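The sequence shown begins at -5 in the working numbering and counts up by one.
Hint data in this document are derived by calculation from the structure and do not stem from the laboratory. What you are looking at is a predicted structure, and each value in this text was computed from that prediction instead of being measured. Hints may be right or wrong, so weigh each one.
Pairs of lysine-lysine residues, derived as DSSO-like cross-links and limited to a Cα-Cα distance of at most 27 Å, are as follows [to be verified]:
# : residue 1 : residue 2
1 : K152      : K30
2 : K152      : K171
3 : K152      : K28
4 : K274      : K318
5 : K168      : K152
6 : K318      : K168
7 : K171      : K318
8 : K318      : K164
9 : K152      : K164
Distance ranges between label pairs, derived from CB positions [what the hints assert, rightly or not]:
#  : residue 1 : residue 2 : range
10 : G188      : T48       : 16 to 22 Å
11 : V258      : W157      : 45 to 51 Å
12 : F145      : L269      : 39 to 45 Å
13 : G45       : I231      : 30 to 36 Å
14 : K318      : V258      : 38 to 44 Å
15 : G45       : Y165      : 22 to 28 Å
16 : Y165      : H25       : 28 to 34 Å
17 : I144      : R(-2)     : 25 to 31 Å
18 : R166      : M226      : 34 to 40 Å
Quick reminder that beta carbons are idealized off the backbone N, C-alpha and C, glycines included.
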Amino acid sequence: MLSRLYGVLLPFFVSFLLAYLLDPLVEFVQHRCKVKFRGLSVTIVLLLFVGVLTLSVYLLIPAIGREVKSAAVGVEQYFADFDADKYFTPEQQEKIHSTLDGLNLESVLSYPEVRDGIKSLLPKVGGWITGGLSWLAELVVIFIALMYLIFLMIDFPKIRAHWIDYVPVKYRSKARKIMQDIDRNMNAYFRGQGLVALIVGVLFAIGFTIIGMPMGIAMGLIIGILNLVPYMQALGIPPCILLCLVQSAQTGRPVWVTLLCLAVVFIVIQTLQDLVLVPKIMGKVTGLGPAAILLSLSIWGAVFGVIGMIIALPMTTLGIAYYKHFIAGQK
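Work the whole structure out from these sequences, hints included.
This is the structure we're talking about:
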């Protein structure tokens, strides 16, 4: 059932998570700033949230645009100045030319494997063209998620106060204890991991800028966002390698030098993250070792996809605490 309803439940889950994270700010605006109506407090928080995002994008777009334009010019110049003598021997060049000159397109198309491949590709091309209209459906999903978010933020005090009424009386004591553990673990984890991700993103942006990598600021921030899920920043390594190749083409610097600089940036920042940031900021929030973290991410990700990877560590920590407290009887 979860697999069948995944597309429907995902907007609701994301909206609920955002409502949960933004609720303390709504409470602050409503009670500390003396805003009488909950709906007005929600509106103020959403406007602040959207305003901060818009301002961040507005401030970053010019720098990112300059970096993208510089990278594009570098790639174009690289291909314009490409010298085959640097990469291929005369014998290899002659063999390539003779192969291309003797290539007969008609004979290639006559192979059954090629014809079958083209036949199987054509329907997919049509599907890709049709899929270009899917952005309309994505806009609808975003609009629905926004509606969820607004309604959940308005009703969150009622949800927080009355959820226990739906639990059978004999289980309420344990259910209340579990929810308190969830609230404590989720708050500590998401806020701590968010701060770690922000610091790591800034450090990567600074490191990439120092070594002169194209689109350094953008890639640093992207890696910071990926870092919201532990060890996911590894997904940023392949595009960083490609950008280092572009840098080598732009500057004429040896490829191994640019890749060595990239490796130094990753090693230094990862060391700072593991030895300084995570112990100081996260503390004993999870209490899990690296192997347990990877296993947790793998299991929850396999079961619930991206959502599972987001909630993997707090839910694993909660499960361990529940086992120790209610099953093993530890205090």
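Hints, verified against the model:
Simply put, K152 and K30 have alpha-carbon atoms about 17 Å apart, close enough for the 27 Å limit, and the pair holds. Using a Cα cut-off of 27 Å, the hinted pair K152 and K171 holds, with the two alpha carbons roughly 19 Å apart. A threshold of 27 Å between alpha carbons decides the hint, and for K152 with K28 the separation of about 19 Å falls inside it, so the pair holds. Between K274 and K318, the direct Cα distance comes to roughly 25 Å. Compliance with the 27 Å bound is thereby established for this hinted pair.
Using a Cα cut-off of 27 Å, the hinted pair K168 and K152 holds, with the two alpha carbons roughly 21 Å apart. Among the hinted pairs, K318 with K168 is consistent with the structure: their alpha-carbon atoms are about 13 Å apart, no more than 27 Å. A hinted pair counts as satisfied when its Cα atoms are at most 27 Å apart, and K171 with K318 qualifies at roughly 13 Å. For the suggested pair K318 and K164, the alpha carbons sit about 21 Å apart, so the restraint of at most 27 Å is met.
A distance of roughly 22 Å separates the Cα atoms of K152 and K164; the hinted pair therefore holds under the 27 Å criterion. Under the hint 16 to 22 Å, the C-beta atoms of G188 and T48, about 19 Å apart, fit the expected range. At roughly 50 Å, the beta carbons of V258 and W157 sit within the given window of 45 to 51 Å. Here the CB-CB span from F145 to L269 is close to 44 Å, well matched to the stated 39 to 45 Å.
One distance hint, 30 to 36 Å for the beta-carbon pair G45 and I231, holds here, with the actual separation near 34 Å. About 42 Å separates the C-beta atoms of K318 and V258, a value consistent with the hinted range of 38 to 44 Å. For G45 and Y165, the hinted distance range of 22 to 28 Å is not satisfied, since their beta carbons lie about 43 Å from each other. For the hinted restraint 28 to 34 Å between Y165 and H25, the CB-CB distance of approximately 32 Å keeps it satisfied.
In this structure the supplied range 25 to 31 Å holds for I144 paired with R(-2), their Cβ-Cβ distance being about 27 Å. Remark: the range hint 34 to 40 Å for R166 to M226 is upheld by a beta-carbon distance near 38 Å.
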